[in-house]
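Colleague: Chains as they are written, first to last, in numbering that gives the first Met the number 0: chain W, 0 to 120; chain A, 0 to 120; chain C, 0 to 120; chain R, 0 to 120.
These aren't lab readings, by the way, just hints derived from the structure by calculation. One or more hints might be untrue.
[Said to hold, decoys possible] Here are the simulated lysine-lysine pairs, DSS-like style, with alpha carbons at most 27 angstroms apart:
id : chain 1 : residue 1 : chain 2 : residue 2
1  : W       : LYS36     : A       : LYS110
2  : A       : LYS115    : C       : LYS62
3  : C       : LYS31     : W       : LYS62
4  : R       : LYS108    : C       : LYS96
5  : C       : LYS96     : C       : LYS110
6  : A       : LYS115    : W       : LYS36
7  : A       : LYS62     : C       : LYS108
8  : A       : LYS110    : A       : LYS96
9  : W       : LYS108    : R       : LYS62
No experiment lies behind these values; they were computed from the predicted model shown.
There are 4 protein chains.
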Amino acid sequence: MSTENGWSDAHTSLMTLRERLADFNRQRDWPKFHTPKDLAIALSVEVAELLEFFLWRAEPDEKDAAAVQEELADVMICLVNLTQRLDVDLLAAVEEKIATNALRYPVDKAKGRAEKYNRLP
Amino acid sequence: MSTENGWSDAHTSLMTLRERLADFNRQRDWPKFHTPKDLAIALSVEVAELLEFFLWRAEPDEKDAAAVQEELADVMICLVNLTQRLDVDLLAAVEEKIATNALRYPVDKAKGRAEKYNRLP
Amino acid sequence: MSTENGWSDAHTSLMTLRERLADFNRQRDWPKFHTPKDLAIALSVEVAELLEFFLWRAEPDEKDAAAVQEELADVMICLVNLTQRLDVDLLAAVEEKIATNALRYPVDKAKGRAEKYNRLP
Amino acid sequence: MSTENGWSDAHTSLMTLRERLADFNRQRDWPKFHTPKDLAIALSVEVAELLEFFLWRAEPDEKDAAAVQEELADVMICLVNLTQRLDVDLLAAVEEKIATNALRYPVDKAKGRAEKYNRLP
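Excised from the complex, chain W in its bound form (with noise of 0.2 angstroms):
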């Protein structure tokens, strides 16, 4: 789907969409709605919007793959928004929440096993 020049998990940061949607915002004048209360429904919203192509079936008919890659960007395109407007550094709260959950949930005590980590034997 990425075309040569174009953004990519592989070579396009996270920093640089920031960007884009902060200008993208800003020329319409729509951080003052960006409440992040309202961020968070927003995301609310975008998140069930995918979760309807999962309804009634295991996966999403052949014929909605577009739509759903639509709904995945909305719902990643709300979540920088929030995270930009709490001056929240995702990656950074990722790698600390992995490690968090590489303690709760050692691979001993984990594999194979889906529980919750205060479930886990």
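Please build the complex by placing chains A, C and R on the supplied structure of chain W, with the hints as guidance.
Modeller: This is chains A, C and R only, laid out in the frame that chain W set:
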């Protein structure tokens, strides 16, 4: 929050995150649980945990700032797990969606308005 | 809104609604799709469609009043479909939960406070 | 679950529940927090807590049956609080919506199909 050598939106690619999560999940034999449908559900659950910090208040309590960052990270982790499982390049999809949004929300029509594109004048 | 002979919160029992929905679904051969998991997903999707009317605004637009009522109805329909599928008596469960809440939120402690019970003084 | 004199879907009206909740909230001085927007958020949060019991599994664990009933009750309480705040008669709205659904999903077209009405043949 980001340490000198740690991850950050400026310096870490999503591919780095994707690979770290793939390892993390594989070590725990979790891919067998990670159906796209369940990952979409997980994403919904995490977003609601984030949203709860905005319930009955305009912004999260000061004392919950670290917990909010954790929830933002959880949302991102679920989203990237899902894009990986669906084999979608998230930033390529986002670039495409921003281009669509630019057409749907031209500056002169959307400026200072919060309506959905199909309700713009 | 309720007509003289129509349903209303005052005069119609949930059992009446349960039976109407059971008929409705059976006629369409839908019970085969109505797994508890998918009904829970459907409920999430409907709630998000309702929530969207509150996005970027304090209250839904006047012109959306009928649409909001429709979404409220959709949420209720999904909820009752799910309780039926799980064989739960919803109002019995609600009575029990209100009793629990009365213990968790005693008037003298909870009065005028929006904190969760585990954070009350 | 329903005791002889307790509430039940067969014998208790939604009006009884509405009045009980109105008292409960008034005693705690909660109506000042109960904006429609926050009640809609609360509903989303409760639905996600319910949904979590279906994550990574087809049905909730046996041992979680009581917890699932509690979550169903929480969803109902939020929904009724919201309808009350918006001054909507829920069962009247539901009757209307079922009539709409009967038109959108005629038996001969919708039988055995899980598609949304705008995708039916």
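Colleague: Are the hints correct? Go through all of them and say.
Modeller: Tested hints:
no. : hint                  : result
1   : W:LYS36 with A:LYS110 : holds, 21 angstroms
2   : A:LYS115 with C:LYS62 : holds, 15 angstroms
3   : C:LYS31 with W:LYS62  : holds, 23 angstroms
4   : R:LYS108 with C:LYS96 : violated, 41 angstroms
5   : C:LYS96 with C:LYS110 : holds, 19 angstroms
6   : A:LYS115 with W:LYS36 : holds, 18 angstroms
7   : A:LYS62 with C:LYS108 : holds, 21 angstroms
8   : A:LYS110 with A:LYS96 : holds, 19 angstroms
9   : W:LYS108 with R:LYS62 : holds, 21 angstroms
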